[in-house]
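Got chain A sorted already, so can you dock chains B and C onto it with the hints?
Protein sequence lines correspond, in order, to chains A, B and C. Using my numbering, the first residue of the first sequence is number 1058, and each one after it goes up by one. Using my numbering, the first residue of the second sequence is number 1058, and each one after it goes up by one. Using my numbering, the first residue of the third sequence is number 1058, and each one after it goes up by one.
If you're looking for bench data, these hints aren't it; they were derived computationally from the structure. There's no promise every hint is true.
For identical chains, the list gives no copy identity; a pair is met inside one copy or between any two copies.
Mimicking SDA-like on lysine to any residue, the simulated pairs with C-alpha atoms at most 20 angstroms apart in a straight line are [claimed, not checked]:
1. K1377 <-> G1121
2. K1308 <-> A1323
3. K1377 <-> L1172
4. K1308 <-> A1347
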Amino acid sequence: MKKTLVAMAVMAAAGAASAQSSVTMFGIVDVTVQYGTGDSNRLSIQPNGHSASRLGIRGVEDLGGGLSANFWLEAGIEPDTGVGQPSNVNNQANPTPLTAGLQGIMFNRRSTIGLAGGFGEIRLGRDYMGHFWAHTAYDPMGANGVGASLAFVNHIAAWPTATRASNSIHYLLPANIGGFYGQVGYHLGDNLRNGAATEDDGNGYSARLGYAAGPFDVSAAFGRADYASTATTGDVTTWNVGGSWNFGVAKASAMYSRTEIDSLAATATRELNSWVAGVNVPVGTGEIRAAYSQSEFTLGTGAEPRSRKVALGYVHNLSKRTAVYTSVAHLRNNGGASAALGRATVSANGKSSGVDIGVRHAF
Amino acid sequence: MKKTLVAMAVMAAAGAASAQSSVTMFGIVDVTVQYGTGDSNRLSIQPNGHSASRLGIRGVEDLGGGLSANFWLEAGIEPDTGVGQPSNVNNQANPTPLTAGLQGIMFNRRSTIGLAGGFGEIRLGRDYMGHFWAHTAYDPMGANGVGASLAFVNHIAAWPTATRASNSIHYLLPANIGGFYGQVGYHLGDNLRNGAATEDDGNGYSARLGYAAGPFDVSAAFGRADYASTATTGDVTTWNVGGSWNFGVAKASAMYSRTEIDSLAATATRELNSWVAGVNVPVGTGEIRAAYSQSEFTLGTGAEPRSRKVALGYVHNLSKRTAVYTSVAHLRNNGGASAALGRATVSANGKSSGVDIGVRHAF
Amino acid sequence: MKKTLVAMAVMAAAGAASAQSSVTMFGIVDVTVQYGTGDSNRLSIQPNGHSASRLGIRGVEDLGGGLSANFWLEAGIEPDTGVGQPSNVNNQANPTPLTAGLQGIMFNRRSTIGLAGGFGEIRLGRDYMGHFWAHTAYDPMGANGVGASLAFVNHIAAWPTATRASNSIHYLLPANIGGFYGQVGYHLGDNLRNGAATEDDGNGYSARLGYAAGPFDVSAAFGRADYASTATTGDVTTWNVGGSWNFGVAKASAMYSRTEIDSLAATATRELNSWVAGVNVPVGTGEIRAAYSQSEFTLGTGAEPRSRKVALGYVHNLSKRTAVYTSVAHLRNNGGASAALGRATVSANGKSSGVDIGVRHAF
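Next comes chain A alone, as it looks inside the complex:
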């Protein structure tokens, strides 16, 4: 559909000035049969074994003189059941989810308006934070399915703006500056300035700088969000570095992430150190993927629950848009951790395995 609607817009354009203008509907539908083993096993049909399902509409308008305007509205969808996904409007505690089956779709994944030109781009709205990108860019498993990097899976749970923030303003570097790319963003908790200890809650910022040339890509990112320190929350700080090298026969990638939380509770997480490394190996029209990832929390008590995962997958591309895929992963816990795969459950220090077999279609 992407090409289709661009083509339409070009055809309809009155003249050269708007030849670059378009509005495009796009999406991904990905459903997997998933099985997880542990102390209790689970067979289920789930979304997103390979890619995050979504439905969006985006557009670009050529304003002339090198300037353009754009918008991007992208909703997370769960095609195993048809439901949508919630947002977070103030970048503070995530809302308690609606009863399962009732969440309508909204543009929780991205909802932005931007102006771009030779200077780069300025965007307003709900958007990805710079510190997020390395978690998906350098995970050979693409941060989805049973094999998703533990760095990503646990990073996500860390705080409301781990991946995206509402009420954000971003500046992005222009393309074509010698291989450098990057973004810096600030987000607001939209609180009243009333002198309360929580008046800065949900404010934060993030920055990412990378360099990509030929087979080589490396980036570093930093992010921070303010929360009044209590038993359960406190300022969150994260940084990460990662990179990939495409050897042709295979692409190797790795990333390391460290997150600190200023919580006051002894039992709460104070630090999270995690990393992932692996390879993507093209095989005919398909791809073999392998990754090892680890996450280690440090609690205020000094306990260090740790999980390690090895994942292996194969993606068979039926076209550029459609693929069937399978992946398997095995996870071990120690230090009191009880992570599980495929929605199984394990007790502390248990082991879990998971397998996905599914279909992904992009339009």
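Chains B and C in isolation, oriented as in the chain A frame:
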């Protein structure tokens, strides 16, 4: 819009290989002024006097070699108020609806990804169950409005997967196999395998086989869903048979449905026997519709609340996409039943009448 | 996108009969950085500093003989966070909003099906009431952002059908009747006719008649909704008059609105008198806007809380579809009023200022 977007996609296709690929937005908007009489009457403006209102996007991609991929995302909408409709994510007890006016849209009607070829089609996601189709296919009133078949209306209420199931995998027969058509599907409750009595709740399957040739169409279907037997639930089993014959001057149709529930409660439904029969008579660009339907519950107590409905309607097609319509229906209860039409209310064994006058537009 | 999809439809049309048929996706994305001062200040990123953000799909089908069918599905969206907005299904007390971040999108702004011809147009569904239009048509600030007319802002809060009604049926005058335009609509509360005092709650009607010729536009409107009189509600009656004159160098506009509520509570609002006046001055490709507005409530106690606002703005059009804008406003309260701008808070009789700077893109 269906034709429009198909045309677009064909125009934009780069070559013959993708000439059959398309993405299509489609929908139905149907609003009716409805009046129901009984012990208390009601005048209201409602959705779906003729057809179920919806908004969807679907696509097909030609993968070559006779294989194709497809997706279908279809949301139920209620255009009298603008709200959406909920789904059910685990095929178990339906969630308590949100306060009226708050339900956002989601792809509750259908949300699937499929691969099709000479072998037929395999689909994953939220989809219609085989045992549902006869309820709409053989109801002259199209299972909507005050005249909708009691077999359909009461079948719907019977259990969460009466019409659709989430977490389903379906196989559908290919077209062009001598008039035979059919589907078989399995759905999961996505429960943990923890040995609980409820671990199979929401699992189920359904199969339908039909034969259509010339004016003749007949089908039979069977479905089952597992629920641990309690005071209110228990395994549900349904089967139905139906058919239609198009005599040219009129199409006659009829169906019979039987559903059993293994509930433990004396006051709960143990059986539901229902049927509908009627005719659709083309008149110029319009159509006259007439139907008689009946539903009889058997409770654990032996009571048999029964409702009977006679319905008459006229649909005036202003085009293939747009129609104005009216229908009237009268319903009688006995055995303690208190069904009513047009959102009126009646006491046990009361009578109710209803009338619709509305407009339906498809795109 | 509007032009794009119309073009597509025309290209795809089979013949002349449907050359006027089209389906169009459209929308507005508007995000502003907003600051409000008062007793407590607030800096936030908000939607709708210039225009109400929305996403919609609408279509027209030429039925031949001068008759056409149309539909319009339009959802309010909040692009600072990606969430949607609720509707009201029975035109009675507005539902308690969902926890922030959970409201999916729905077609709360408009959801209609219509038939139009030489006689005018008949529409069914959720639609704007006639008495609403003057509030936005004659507000130089367009009824959005910190400068929005107090007549509009306080009118909106007055009752559930102040702007739109569900379950409505409207008749609209045809175009080209010598400059006259207008609409009359009736909406239903969809209640059971059970003799309860509340059985008419949510029923109502509204009518608007206007005349526009050359630079001149004037209209008057009346609306009423029924509610059983209690401590908090009672029948609501509103009327307004307004007009504008485009002098070329500037367009001057003004409107006056009066609303009465038959509430029984001494502390509740009995009357609301409000007005706005101002100018829109084109400057190159941009526009300067200035407005003064006032609202005065009369409570059952005789108290008359009053707010007055002066607003000034500039809109710089980068194209017909994209604009950057800024506006500033200052508000004074007396008689016990405590209105504030930019989500600041003030105590009774306090002052508040607000500023917006944002971007709006339409497609």
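Each hint tested on the structure:
no., hint, in the structure
1, K1377 <-> G1121, "between (33 angstroms within a copy, 12 angstroms between copies)"
2, K1308 <-> A1323, "neither (41 angstroms within a copy, 65 angstroms between copies)"
3, K1377 <-> L1172, "between (30 angstroms within a copy, 15 angstroms between copies)"
4, K1308 <-> A1347, "within (11 angstroms within a copy, 60 angstroms between copies)"
Going through the hint list in order, the structure does not satisfy hint 2, though it satisfies all others.
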